[in-house]
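**Student:** Please build the complex by placing chains B and C on the supplied structure of chain A, with the hints as guidance.
Chains as they are written, first to last, in the numbering used here: chain A, 22 to 364; chain B, 22 to 364; chain C, 22 to 364.
No wet-lab data here; the hints were simulated from the structure.
Some hints could be false.
One copy or two, it doesn't matter: identical chains are merged, so the pair holds either way.
No farther apart than 30 angstroms at their CA atoms in a straight line, the calculated lysine-lysine pairs in the DSBU-like style are these [said to hold, decoys possible]:
no. : residue 1 : residue 2
1   : K358      : K66
2   : K250      : K305
3   : K250      : K283
4   : K217      : K283
5   : K119      : K157
6   : K217      : K66
7   : K119      : K324
8   : K324      : K283
9   : K362      : K351
10  : K157      : K250
11  : K323      : K217
12  : K250      : K75
13  : K217      : K119
14  : K89       : K99
15  : K66       : K283
16  : K324      : K217
17  : K75       : K119
18  : K217      : K111
19  : K305      : K217
20  : K99       : K217
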Amino acid sequence: MQFTAQQISTLINGTIEGDPEVTIFQVSRIEDAEQGSLAFLANPKYEHHLYSTKASIIIINNDQELLKPIGATLIRVKNAYTSFSLLLEKYNLIRLDKHGIEEPNFIHPTAQVGKNVYIGAFTYIGPNVVIEDDCKIYPHSYIGDNVRIGTGCTLYAGVRIYFDCIIGNGCIIHSGAVIGSDGFGFAPQEDGTYHKVSQIGNVVIEDQVEIGANTTIDRATMGSTIIRKGVKLDNLIQLAHNVEIGSNTVIAAQTGVSGSTKVGNNVVLGGQAGIAGHISIANKSQIQAQSGINRSIEEEDKKWAGSPALPYASQMRIQVTMSRLPELEKRILELEKLLNKQG
Amino acid sequence: MQFTAQQISTLINGTIEGDPEVTIFQVSRIEDAEQGSLAFLANPKYEHHLYSTKASIIIINNDQELLKPIGATLIRVKNAYTSFSLLLEKYNLIRLDKHGIEEPNFIHPTAQVGKNVYIGAFTYIGPNVVIEDDCKIYPHSYIGDNVRIGTGCTLYAGVRIYFDCIIGNGCIIHSGAVIGSDGFGFAPQEDGTYHKVSQIGNVVIEDQVEIGANTTIDRATMGSTIIRKGVKLDNLIQLAHNVEIGSNTVIAAQTGVSGSTKVGNNVVLGGQAGIAGHISIANKSQIQAQSGINRSIEEEDKKWAGSPALPYASQMRIQVTMSRLPELEKRILELEKLLNKQG
Amino acid sequence: MQFTAQQISTLINGTIEGDPEVTIFQVSRIEDAEQGSLAFLANPKYEHHLYSTKASIIIINNDQELLKPIGATLIRVKNAYTSFSLLLEKYNLIRLDKHGIEEPNFIHPTAQVGKNVYIGAFTYIGPNVVIEDDCKIYPHSYIGDNVRIGTGCTLYAGVRIYFDCIIGNGCIIHSGAVIGSDGFGFAPQEDGTYHKVSQIGNVVIEDQVEIGANTTIDRATMGSTIIRKGVKLDNLIQLAHNVEIGSNTVIAAQTGVSGSTKVGNNVVLGGQAGIAGHISIANKSQIQAQSGINRSIEEEDKKWAGSPALPYASQMRIQVTMSRLPELEKRILELEKLLNKQG
Numbered sequence: 022m023q024f025t026a027q028q029i030s031t032l033i034n035g036t037i038e039g040d041p042e043v044t045i046f047q048v049s050r051i052e053d054a055e056q057g058s059l060a061f062l063a064n065p066k067y068e069h070h071l072y073s074t075k076a077s078i079i080i081i082n083n084d085q086e087l088l089k090p091i092g093a094t095l096i097r098v099k100n101a102y103t104s105f106s107l108l109l110e111k112y113n114l115i116r117l118d119k120h121g122i123e124e125p126n127f128i129h130p131t132a133q134v135g136k137n138v139y140i141g142a143f144t145y146i147g148p149n150v151v152i153e154d155d156c157k158i159y160p161h162s163y164i165g166d167n168v169r170i171g172t173g174c175t176l177y178a179g180v181r182i183y184f185d186c187i188i189g190n191g192c193i194i195h196s197g198a199v200i201g202s203d204g205f206g207f208a209p210q211e212d213g214t215y216h217k218v219s220q221i222g223n224v225v226i227e228d229q230v231e232i233g234a235n236t237t238i239d240r241a242t243m244g245s246t247i248i249r250k251g252v253k254l255d256n257l258i259q260l261a262h263n264v265e266i267g268s269n270t271v272i273a274a275q276t277g278v279s280g281s282t283k284v285g286n287n288v289v290l291g292g293q294a295g296i297a298g299h300i301s302i303a304n305k306s307q308i309q310a311q312s313g314i315n316r317s318i319e320e321e322d323k324k325w326a327g328s329p330a331l332p333y334a335s336q337m338r339i340q341v342t343m344s345r346l347p348e349l350e351k352r353i354l355e356l357e358k359l360l361n362k363q364g
Numbered sequence: 022m023q024f025t026a027q028q029i030s031t032l033i034n035g036t037i038e039g040d041p042e043v044t045i046f047q048v049s050r051i052e053d054a055e056q057g058s059l060a061f062l063a064n065p066k067y068e069h070h071l072y073s074t075k076a077s078i079i080i081i082n083n084d085q086e087l088l089k090p091i092g093a094t095l096i097r098v099k100n101a102y103t104s105f106s107l108l109l110e111k112y113n114l115i116r117l118d119k120h121g122i123e124e125p126n127f128i129h130p131t132a133q134v135g136k137n138v139y140i141g142a143f144t145y146i147g148p149n150v151v152i153e154d155d156c157k158i159y160p161h162s163y164i165g166d167n168v169r170i171g172t173g174c175t176l177y178a179g180v181r182i183y184f185d186c187i188i189g190n191g192c193i194i195h196s197g198a199v200i201g202s203d204g205f206g207f208a209p210q211e212d213g214t215y216h217k218v219s220q221i222g223n224v225v226i227e228d229q230v231e232i233g234a235n236t237t238i239d240r241a242t243m244g245s246t247i248i249r250k251g252v253k254l255d256n257l258i259q260l261a262h263n264v265e266i267g268s269n270t271v272i273a274a275q276t277g278v279s280g281s282t283k284v285g286n287n288v289v290l291g292g293q294a295g296i297a298g299h300i301s302i303a304n305k306s307q308i309q310a311q312s313g314i315n316r317s318i319e320e321e322d323k324k325w326a327g328s329p330a331l332p333y334a335s336q337m338r339i340q341v342t343m344s345r346l347p348e349l350e351k352r353i354l355e356l357e358k359l360l361n362k363q364g
Numbered sequence: 022m023q024f025t026a027q028q029i030s031t032l033i034n035g036t037i038e039g040d041p042e043v044t045i046f047q048v049s050r051i052e053d054a055e056q057g058s059l060a061f062l063a064n065p066k067y068e069h070h071l072y073s074t075k076a077s078i079i080i081i082n083n084d085q086e087l088l089k090p091i092g093a094t095l096i097r098v099k100n101a102y103t104s105f106s107l108l109l110e111k112y113n114l115i116r117l118d119k120h121g122i123e124e125p126n127f128i129h130p131t132a133q134v135g136k137n138v139y140i141g142a143f144t145y146i147g148p149n150v151v152i153e154d155d156c157k158i159y160p161h162s163y164i165g166d167n168v169r170i171g172t173g174c175t176l177y178a179g180v181r182i183y184f185d186c187i188i189g190n191g192c193i194i195h196s197g198a199v200i201g202s203d204g205f206g207f208a209p210q211e212d213g214t215y216h217k218v219s220q221i222g223n224v225v226i227e228d229q230v231e232i233g234a235n236t237t238i239d240r241a242t243m244g245s246t247i248i249r250k251g252v253k254l255d256n257l258i259q260l261a262h263n264v265e266i267g268s269n270t271v272i273a274a275q276t277g278v279s280g281s282t283k284v285g286n287n288v289v290l291g292g293q294a295g296i297a298g299h300i301s302i303a304n305k306s307q308i309q310a311q312s313g314i315n316r317s318i319e320e321e322d323k324k325w326a327g328s329p330a331l332p333y334a335s336q337m338r339i340q341v342t343m344s345r346l347p348e349l350e351k352r353i354l355e356l357e358k359l360l361n362k363q364g
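Just chain A, same shape as in the assembly (with noise of 0.2 angstroms):
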């Protein structure tokens, strides 16, 4: 990374204050930034960091005004958060800009490659698969028989999608996402063993989605498992087969959704919480993390707590009389006592 205060200016339209030469190499924030460092201010709760500051360039707003002469190049725009934050996506778009298609790599003759994609080494492509344009595919790589992925998606090094699978547009999937192996199911026999359900389904992935590292979504045992679009999932989550979750809805690192549940659009969960199998939970919920929910949440908008889980603020009452529960029971005594005496 290095960039020129002229460069980073024309990127967001600025105006340059100071020397247009000066170089930065990292972006770091006001309070920690070092020479050859790129910083902005947009909060004047910071203000005083300006004239401290060793950062190199620094963004910000055009009616920022300044007390003292400050050593850094300055970019002034209109609004210097926007600013700084679109930088950063131009920065990963450049440096994460990969093409080509990298030596050694296993794609079937039978498969469909679309246009200005990248192929790292390593990656396994399966019969029949349909690759759309512009997409990145990270090495180790598995994409399994028949799967369709959408245009502009990016898949990062090892992840894995099992066959059939249905993946949609400008999807990212980071590393060790395990998409469509099979759902647990097992049908008990009279000897105590069990006998394998074949898993038939597959995955539906809609776009826009974001799935964590080492995530993993279980195909379904017959029809899908769907993620709807605009879905972001956290890492090392658990989706189970049958399971369909809303679109726009947020899950946090670490939770589970079992077999046939059904969550609904633009719901937030937090980490490490469990969800039962073959029930429902209503549109906007915002489930805490650790929380457990055992039956159908169905009025929308509400927010949840505890295991198993009650509305939001009757769980928080619970918890601060459970955290009295030994003087409680030493009350109970006490008047126990004094009946006693009394009687």
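**Tutor:** Positioned in the frame of chain A, the structure of chains B and C alone reads:
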């Protein structure tokens, strides 16, 4: 997938009513079926779907009477559910029937690979490995030095088996599972650092075990971590060093078992449960999801819930009372006021 | 594994009693040992096993007296336990002593690889990567652009390190671990969708850190996610963006730490614990398994349990009282009846 009614009927010894040349290309529930779908009807409760479904072929019981004429081709069998399940198994066998050794691969010259196997591209098979007949090893699998894998096993893409581990016959291991990583053993030193304890044991997995995606099973410090015959493990499970899981035990996703603990036979562990180290769990115990087991369970065939876990019925009673805790506190306060007044 | 008594005795500076040519091919506990096993006796409590074991070689203390003649060859040392541990370490060093660069691999021409390394087949080493001397990189590892790995590290099969991350000296990373995946950061939009916040930071792992199988460590949004010297992480752990873990802290399996949280030095986190974001945990804190920490812990060297966590002793008292809750409710009812009668 494309089959005629004639082909399906032959596979399940059925009798055709209608056009034997009708073709299906997918399998659906009777209520969701479209043209080109195969469905089945076993439960008379759903008989009305027979007359509205768009399925092209329906498997039904020999004794199913029809109230109206039906457009679909029927295949009559003794037990529609059993025949349908059988059909799916046969279909999966055909669909997943991979053979041959793909290139590039790394098979050490001292490794022995049996007959009728599938070895996917980018598979690594280390020195002295033995892989018996009829195994399917999908791409990107890593099989470390001296590992032995029995007949008829399937390892999906990206399974990792460390050196010296032993896998029985008929096992299925899903993508990203790690078998034989070091046990988590460190000796605390006087200066606050930790000294690694060498983990020289292995993992032994008996026959007919299924292991879910991204599940981890650590090798023993000395001796073996043992997974007995017929055990079924879901995704993202952690089994620590020197654990033993008894035969036909089933463990749901994201559960963890700590070091040296012995879980009995035919136990059912719900998801996200945690089992402490150095304890034992009696045969046929049933542990609810999110439970925490911190002491041995000695009585067989009991149900447990909560963290720390209690017998299921007790735990349910406590949870009900807990939801009334704030109210109970008020009642105590009322009593105190009343007695104060009386006093 | 095959060693003579003479070879073992030389390694640990022992004195042989019996046949120096006796050969062992495995290591066992003295009570389980079979012919061809090496065992040790350190604790006098187990002395009786000396006379019944089938072990071929036994390491014992210099001052151990024998009540009867023994068939096994003895190797006498000052401290049998220490010598045995040392032997296992030396054995593991020999056993895991891989060298050389296997084919096929992908090593970018701009990458620098040190001396005396092992690079397994199918390893991917990206542009500008630096790998220092004495590293062992097992097959299927992915090392992204600009990553730096210090001397003497071991990466087991299928480790994934995203671009720009830094690994110190003497680190061990187990299979399937993912270092540097994107932090889980999304800005909610007015239409209910989420806009991805670019994650441009990295992960910095200091010296002597061990990371378990399938553990995930996200890169910082800006700056670094930092794992300090001597940290030991078990399997399936989630560390979110901008987390900092203090030196010599130990974290058990399946625990999660949310974004921007700072865990102190010499902390012990039990398994399946969850730590909220943007808080700090004091040095030497001990957090029980399955705890939920939702606020900062400021006092050092305290023990915590429960979710939400409380000081350990308080939590234990509450749990005991909780198990009597239904009984407490009955006692309140009795009091009410009594007072009603009195009233």
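**Student:** Compare the structure with each hint and give your call.
**Tutor:** Hint check:
| no. | hint | verdict |
| --- | --- | --- |
| 1 | K358 with K66 | neither (60 angstroms within a copy, 52 angstroms between copies) |
| 2 | K250 with K305 | within (15 angstroms within a copy, 42 angstroms between copies) |
| 3 | K250 with K283 | within (15 angstroms within a copy, 34 angstroms between copies) |
| 4 | K217 with K283 | both (24 angstroms within a copy, 25 angstroms between copies) |
| 5 | K119 with K157 | both (7 angstroms within a copy, 27 angstroms between copies) |
| 6 | K217 with K66 | between (62 angstroms within a copy, 26 angstroms between copies) |
| 7 | K119 with K324 | neither (42 angstroms within a copy, 49 angstroms between copies) |
| 8 | K324 with K283 | both (17 angstroms within a copy, 27 angstroms between copies) |
| 9 | K362 with K351 | both (16 angstroms within a copy, 20 angstroms between copies) |
| 10 | K157 with K250 | within (20 angstroms within a copy, 35 angstroms between copies) |
| 11 | K323 with K217 | between (38 angstroms within a copy, 25 angstroms between copies) |
| 12 | K250 with K75 | between (43 angstroms within a copy, 28 angstroms between copies) |
| 13 | K217 with K119 | between (42 angstroms within a copy, 20 angstroms between copies) |
| 14 | K89 with K99 | within (21 angstroms within a copy, 73 angstroms between copies) |
| 15 | K66 with K283 | between (45 angstroms within a copy, 24 angstroms between copies) |
| 16 | K324 with K217 | between (38 angstroms within a copy, 24 angstroms between copies) |
| 17 | K75 with K119 | neither (33 angstroms within a copy, 47 angstroms between copies) |
| 18 | K217 with K111 | between (49 angstroms within a copy, 13 angstroms between copies) |
| 19 | K305 with K217 | between (36 angstroms within a copy, 20 angstroms between copies) |
| 20 | K99 with K217 | between (62 angstroms within a copy, 22 angstroms between copies) |
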